[in-house]
Structures are given as structure tokens and as C-alpha cells.
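Here is what each chain is made of, one letter per residue.
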Amino acid sequence: MRLRRAAAVNAARLAAAVSRASGRGGTALPGLVATAMDPDIIAALASQLPVGSVIVAGTNGKTTTSRMLAAIVTSAGMKPVRNESGSNLARGLAASLVRRAGPTGNLARADRAVGLFETDEAALPAVIRSVRPRILVLLNLFRDQLDRYGEVATIAGLWKGALQELTGATIVANADDPLVAHLVQTTEAPHIFFGIQSAPESLSGLPHAADVKACPNCGAPIDFSVTFVGHLGHYICRTCGFSRPAPQVAAEDVRLNGVDGSLFAITDSDERISVALPLPGLYNVYNATAAAAAACALGIRLCEVRAGLENVTPAFGRMERLEIDGRHVYLALAKNPTGLNEVLRTIESVEQPLFLLPMLNDNIADGRDVSWIWDADVEMLRGRVASATFSGTRAADMALRFKYAGVTAPAGSALWSIEPDPEHALRSALSATPRGERLFVLPTYTALLQMRGVLTRCGLARPYWEE
Amino acid sequence: MRLSLVHLYPALLNLYGDRGNIITLKQRCAWRGIELDVIEIGLGQDFPVSEPDLVFMGGDQDREQEIVIDDLRRRHGDRLRHSIQNGTPVLAVCGSYQLLQEYYKPAAGRELHGLGIIPAHTVHPGPGVPRCVGNIVIRWPLGTVVGFENHGGRTFLDAGVQPLGTVASGFGNNGDDGTEGARVHNLFGTYIHGSLLPKNPAFADLLLSLALARRYAGATLQPLDDTLERRAHDAAVSRAR
Chain A
5 MRLRRAAAVN AARLAAAVSR ASGRGGTALP GLVATAMDPD IIAALASQLP VGSVIVAGTN
65 GKTTTSRMLA AIVTSAGMKP VRNESGSNLA RGLAASLVRR AGPTGNLARA DRAVGLFETD
125 EAALPAVIRS VRPRILVLLN LFRDQLDRYG EVATIAGLWK GALQELTGAT IVANADDPLV
185 AHLVQTTEAP HIFFGIQSAP ESLSGLPHAA DVKACPNCGA PIDFSVTFVG HLGHYICRTC
245 GFSRPAPQVA AEDVRLNGVD GSLFAITDSD ERISVALPLP GLYNVYNATA AAAAACALGI
305 RLCEVRAGLE NVTPAFGRME RLEIDGRHVY LALAKNPTGL NEVLRTIESV EQPLFLLPML
365 NDNIADGRDV SWIWDADVEM LRGRVASATF SGTRAADMAL RFKYAGVTAP AGSALWSIEP
425 DPEHALRSAL SATPRGERLF VLPTYTALLQ MRGVLTRCGL ARPYWEE
Chain B
47 MRLSLVHLYP ALLNLYGDRG NIITLKQRCA WRGIELDVIE IGLGQDFPVS EPDLVFMGGD
107 QDREQEIVID DLRRRHGDRL RHSIQNGTPV LAVCGSYQLL QEYYKPAAGR ELHGLGIIPA
167 HTVHPGPGVP RCVGNIVIRW PLGTVVGFEN HGGRTFLDAG VQPLGTVASG FGNNGDDGTE
227 GARVHNLFGT YIHGSLLPKN PAFADLLLSL ALARRYAGAT LQPLDDTLER RAHDAAVSRA
287 R
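In order, the protein sequence lines correspond to chains A and B.
Following the numbering used here, the residues of the first sequence are numbered contiguously, the last one being 471.
Following the numbering used here, the residues of the second sequence are numbered contiguously, the last one being 287.
The following block holds chain A by itself, in its conformation from the complex (with noise of 0.2 Å):
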């Protein structure tokens, strides 16, 4: 066994060494190969984490919630072990541990690793058992790419039955999801429940994206008093009499700053700590507090979150800044329905004219269909964009919705293309953003590292996996 496990282990170190050296980053085939030597590597090395592990899932905000956490048990003195580049499945993970994992197989001695994964959705009861959390966070159920992993009903029931495998573990739930409460009120597994309390930007009613609008006990119609993210709000069933729980810690007297990150306070039943959080939207709230509770589960205390929190940098393409010629261009991954409104909502907040560039593929990655586009509300930046340059592989289908949504170019104006080429669109998209202004690429995940890809050929970025 532990012949094998160091063979492993030195093998996909030898193979992550061929492969960044070819500039091709690789931060998947390490983790293939390793778990191809010996499928019990992440049990194994996990099992060496001296603080235990955090399991990140969700549909929407896994890679910032993790962020978030790292850096917060960085400056609470921990060492954050994590699969930090976006390859969040079981062979991302292997990758991680076998960075840290030295020639005889083991795990190099160091106080206080903590693991920090975050996982897909639809790898979640596998990552279970082999890596057996000390804290699984549960951020939110979105519909997500049906061709891959169905209906949103479908993932929950893959959840429920998850959640049976977990031993000792904590976890740390969204209360402000009735399908993610729910879930978690039927295991057995303590929990921290963590959620929104009052935020001025919430909307009234539920948006036309809303993944939840049946009771998830008895299926009857669910009232929604109010909605902060989809169909995270605050909620109850007159039926069964479902109803949100009261979360342990919970954010409050949120104030959001545009583009620039929101100022909130985060409330457990001891403490309660102010936080300028340089990341924006509601969204973020919800993935900082997220992240604040998980801290409390690891026994961190409210006042050593906020300096976290506060240092925290965007992640790789989640409304990410870079400086192009003159011109502030912020990377904004948008890859289903919710999320894109949450990055539309957060820029339409910006008072000048917009300029986009909206990337559309339709690679495996990123689901094959592309009709969630039809339930995001584009319609919210009608007359609000100077220009637009559409990419990707589904271009046209993005300018398509632009088009239906009465979003058009100004009268005479020529700064509307569609440019296939990501390369190509990104020059079209500077060359009609005049200096001094914020030009935002929305990418799905494919095309953001397609983007990715493109900036640093330029010389503009670094590639993601040296972050």
C-alpha cells in the first residue's frame, strides 16, 4: 500500500512537472494519474490533515466561498491546503494533496493544514467518502447545465443520499434555500445554518429564473416575503408549515457599492463584526458569510474573520480586474441563469454607459444547451450599453437575446458585433471602449479560459494555475 501510494504520488508529481513545463498548466492530469496508481490516495492523504477538512459545495459561488475561507484561516494561522484552480473534481483534489505530499507518499508535516475543497455538485457523495469532512458548506441549489446533471431535484436527491455518508461532520447550511434547509433538517448531522436577514437591494417576489417555487417537504405553492438571490429569500410554506429556520450567523444592514464590494455586519450569537468586503453583490454577501460560518464551525472566532474577509481577492474570473490599455476590464463569469443576472444586477449598477463583451459557448464544460440564456433577465440594461461584442461558440444566440430583450445598439451606432474568435472579440470590445472606461467580459467557463488564455499569450494576465 504504501509502496504504491509513494509511486503514485511521484509519478503525478513527474507528470505535473512534464506538464507545466510544456506551458500547459495541468492541473488535472497529476491528479489522473494519481488516482489511476491508487484510487485511495485523496482517503489517505486526507486522513494526514491535521485540522480535518471543509467540503465547499453549490451551484454558484464554491471557488469564492473557498477563497474566502483560505483567507481567513490564513490569518487565523492555518494553512489552507485547496484545489484552487477550478478543477473541482475527485482528480483536482488528488492534484492538491499530492503537491503537498512528499516522496514517501505522506503528507509533508505542517501544523494546522486545513483542506479547503470545493466540489461538483454531482461529485459531492464521492468526495464524501473518500476525503470524510470535518465541515461540509452547502451554499445553494441553482439549475445548472440539465444535459449534464438534470434538474435541480435530481442533484438534491443525490445530496440527500450524501448527506447519509457523513460521519462526525458539521455542516454549515444555507437557510435562505428551502431545498438546502430542507435537506439538511432531515440528516441527523449537526448544523450551523448561515443566511441573509435584511438587505435594501432584495426584490419582492420571485424572478423569473426562481429554481424553487413548490414546498420541498409537501409540494404546495412556497410564499417567498422576500428574495435576495433566485429563490434564496425568506420563505414558508402555508401548507405544511415549512418555513425558513433562524440561521446562527446571519448578515445584516447590507449596503451595496457597485462594482467596488458592499459594507454589511455578520452576527452570531456571541459577536457581531462590521466587514467592507472588496467583492460585489448580494451574491458575495451570501458566499462571505458562507464562509464566516464555516470559520465559527473550525472554532475561529467572528473577530478574526473580518481581517480575512476584508484582504480577500477576486477569483480567477469572478469579476476579476485587469488594466488593458488604458481601459478597467473586469473578467465576470456568468454560466446559468442566476448567475448572470446576479453579474448583470451588479453592473447595471454603474452609472455610465456599458460595454460588454458577452461570451457564449456551448462546450461539454459549459452544458451543450443553451437555453438558459431565455431566463436571465437581460432585459434589465435596456438603453444602459453603448456597445457589445458577442463571442463564443453560441455568439449569435447571446446577440439573439440581447436583440428579443429590446437591448440594442444605439441609433447609427456600429459598435455591436459578433466576433467568434475570443482573440479577435477582445480587440473589437477595446477598440470600442474609450479609455478610462470599464469594458465587462461575460464569459461561461470555457470562454473564460478560452479569455484567460488569450490575456496572457498578450502578456496581460498570468495563467490561472500559478495564482
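Bear in mind the hints are in silico, worked out from the structure with no lab data behind them.
No experiment lies behind these values; they were computed from the predicted model shown.
The beta-carbon is built from N, C-alpha and C at its ideal position, and this holds for glycine as well.
Careful: at least some of the hints might be erroneous.
Unchecked claim - Taking beta-carbon pairs under 10 Å as the criterion, some of the chain A residues facing chain B (in silico):
#1 Asp44
#2 Asp148
#3 Gly154
#4 Arg372
#5 Trp376
#6 Leu385
#7 Arg386
#8 Arg388
#9 Thr397
#10 Leu404
Position chain B against the provided structure of chain A, taking the given hints into account.
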């Protein structure tokens, strides 16, 4: 000019960007100076008293399908059957295409009896059999229709029932006999979403011209600039190969 569209169960039957079909019909009317009133009918609400010019029903999850079927049969079954026999254009996508057939036999659980307006039935071959998922292109009298399909059930048309078109790429009704969808009078049932109408403007205009001709004798649709629509159509067709 003014037309009305009944959208049945918009909250429950909306899985695959079905709203895109409504947005498309509404905008293609607006660009021609036609006002399209969209009347949303949810669970427990009755069909409007006056005859609508168009009816749309979208796709759903299995759970919603069970919630919808009783309400649909009890409140709207007779009116819908009557409207369709009179030639009202109706578009039913995916789950609602199945609801309008004779019956749906799920992978597990009881057989679901549909409205029986489309002489056809659907059988789910079991959880172990792959779903029909992917881009789809069909040929029909107006050229090609392109979109995306994602269904577990296999649909079989009774002898003599007219399919919507023949499959050029993809699965269609059952992945076997080359048919996709069904047409009964002016009811169009199909598995194609994506959304269906934005990229297939000829389909959208067929529905609108059928509706217009019934309401305003002799009225015709003005042509629109569909350059972008054609480009999206062609891009989707090339991705389907």
C-alpha cells in the same frame, strides 16, 4: 391589430428557456405594430372566457407534470380540445407535448393519462437507458428547425399522425423511426427547445400568421429583417453535426 396568447402554467412548465418562445412571439408582433396580450394561467385558474388566438405550453420536471395533469384535464381539457379542433394554433414543448398525448408511462410509478388530443403515447424505457440529449435538426416543409432536446421518454405516433418533421440530426420522438414532434390541426407538439422560436423565425411566423388569419381575414405578416436570426440558426445547425 391585437392578438391574445394563453400561456398555460408559466411557473410550473418553464424548464428549458421556454420563456424565449413567448418573448419571441411578443417582439415579432410588436415590431409589426401588433399587440400581443399574454394571459398567464396558473394552477387553479380557469381558461379565459373568450377564445385565445394562440396557446403555449412549456416543458417541466416529472414532479410538476403530475401536479399539472389533473388541473389541466379538469379545467382546460374540453376547451383546449375544442380550440384545437377549430384550428387555434397551439405550441406544446417537451413535457406538455407528452401531456397532450394518450398516456405517458414513466420509468417507475403509475401510468399518467394525458388529454389524448395527439394520437400518440410516450414510454420511458427505464432509468438505465440514456436520455435523448443534444442538438437536433429536423427538416419540415418550411426548411429546417434547429434546437436542443433533452427527454427520457420515447414517443410513438399512431399510424397516420403527421410528424412535425423528419430528423436530420439528433433523436426526435424516439431515436428510431426518424420522426420528430406531431402536428394535429394547428397544434404543434415538439421536443425541441433552445429556445425553439428565436432561432426558427419561420416557425414563429407560421404560428402568428395562422393566428392572424383567423382573427383578421386577409391580414398578412410584414417581413422582418432576420439576418441575426438566420445567423444563430446556421451556427446552431453547424454545432449539431
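Against the structure, test the hints numbered earlier, and report the numbers of the ones violated in rising order.
-> Hints 1, 2, 6, 7 and 8 contradicted; others consistent.
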